[in-house]
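Line order of the protein sequences matches chains A and B.
Sequential numbering of the first sequence, starting at 1, is according to the numbering used here.
Sequential numbering of the second sequence, starting at 170, is according to the numbering used here.
Since the hints were made in silico from the structure, they are not lab data.
What you are looking at is a predicted structure, and each value in this text was computed from that prediction instead of being measured.
Cβ coordinates follow ideal geometry from the N, Cα and C atoms, glycine included.
Hints should not be assumed to be uniformly reliable.
So the derived label-pair ranges between C-beta atoms look like this [claimed, not checked]:
#, chain 1, residue 1, chain 2, residue 2, range
1, B, K212, A, P124, 31 to 39 Å
2, B, G205, A, E153, 27 to 35 Å
3, B, R200, A, E128, 40 to 48 Å
4, A, G72, B, T213, 52 to 60 Å
5, A, T37, B, I183, 21 to 29 Å
6, A, E10, B, T199, 21 to 29 Å
7, A, A154, B, R200, 18 to 26 Å
8, B, S224, A, D103, 51 to 59 Å
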Amino acid sequence: MSARAAWRIETLGFTRVYRYRPGKADWLANGLPVEGTQANVPRAGQVARPDIPTCQLGERVGDVRPRVTAAGWDMCLVVTDDNVVLGRLRGKALQANPTAIVDEVMEEGPTTIRPDTLLVDIVPRMQERHVVSIIVTTPGGRLIGVMFRPAAEARLAAFQATPKDTNYS
Amino acid sequence: MPTTIQLDELQDLIPQAAILVDVLPADEYTREHLPGAINIPLKTLNRSTTAALPSDRPIITYCHDFQ
Chain A
1 MSARAAWRIE TLGFTRVYRY RPGKADWLAN GLPVEGTQAN VPRAGQVARP
51 DIPTCQLGER VGDVRPRVTA AGWDMCLVVT DDNVVLGRLR GKALQANPTA
101 IVDEVMEEGP TTIRPDTLLV DIVPRMQERH VVSIIVTTPG GRLIGVMFRP
151 AAEARLAAFQ ATPKDTNYS
Chain B
170 MPTTIQLDEL QDLIPQAAIL VDVLPADEYT REHLPGAINI PLKTLNRSTT
220 AALPSDRPII TYCHDFQ
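This is chain A alone, in the form it adopts within the complex (with noise of 0.2 Å):
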């Protein structure tokens, strides 16, 4: 659609005409901002806290966890250098033999969601499963944040239990 709209302007005379190919979906799905009766909306991008600790690759688990657990959590995202997520540290895993590789220890690929995924739909998904924290990334994977259910949970019936002007529920 978005492609014979760019074409027809063209053919109207004017000349800097560009298409954004992947639309408002990947807008969205990057966790920008929109206009619009819908703006409100809340979505997980929205409450996922990003000051989840980072680790790498070839670092050390008795690195990693004092650093996790100064910074007052029990879990650390293991990244590449341009923040790609590619596991977790949790748990065991997090409190391994001080001198194994976090590679060798960490949970691989981790479920994502997507940062405008909307909170009506994840957060009973997520409460059928126990499922009590997720992580968020662009779709390219980057670490956006981690979203806690309570804070899903706490945002999603603040936005319910205000009037509204559109038909949205």
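For chain A, the structure is supplied; the task is to place chain B on it using the hints.
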């Protein structure tokens, strides 16, 4: 030929006073659109509806996704 761009190029063009044209139907635009975008639904795109667009600025069309 219109130039196909990705998000990073879009973000470079926006500060250059680019005009964002949402070509989705009006009800979809009303619900949600990129900041500052105007709405000219594809079915209404013609010489008349584009007459007010400045010819010296970048014009960027978008819809929902890769359509």
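Hint check results:
1. B:K212 to A:P124: 31 to 39 Å: holds (37 Å)
2. B:G205 to A:E153: 27 to 35 Å: Since G205 of chain B and E153 of chain A have Cβ atoms about 33 Å apart, the given range 27 to 35 Å holds.
3. B:R200 to A:E128: 40 to 48 Å: The hint (40 to 48 Å, Cβ to Cβ) is violated, given that R200 of chain B and E128 of chain A are roughly 28 Å apart.
4. A:G72 to B:T213: 52 to 60 Å: holds (54 Å)
5. A:T37 to B:I183: 21 to 29 Å: Given about 23 Å between the Cβ atoms, the range holds.
6. A:E10 to B:T199: 21 to 29 Å: Distance hint for E10 of chain A, T199 of chain B holds at roughly 27 Å.
7. A:A154 to B:R200: 18 to 26 Å: holds (25 Å)
8. B:S224 to A:D103: 51 to 59 Å: This hint holds: roughly 55 Å between Cβ atoms.
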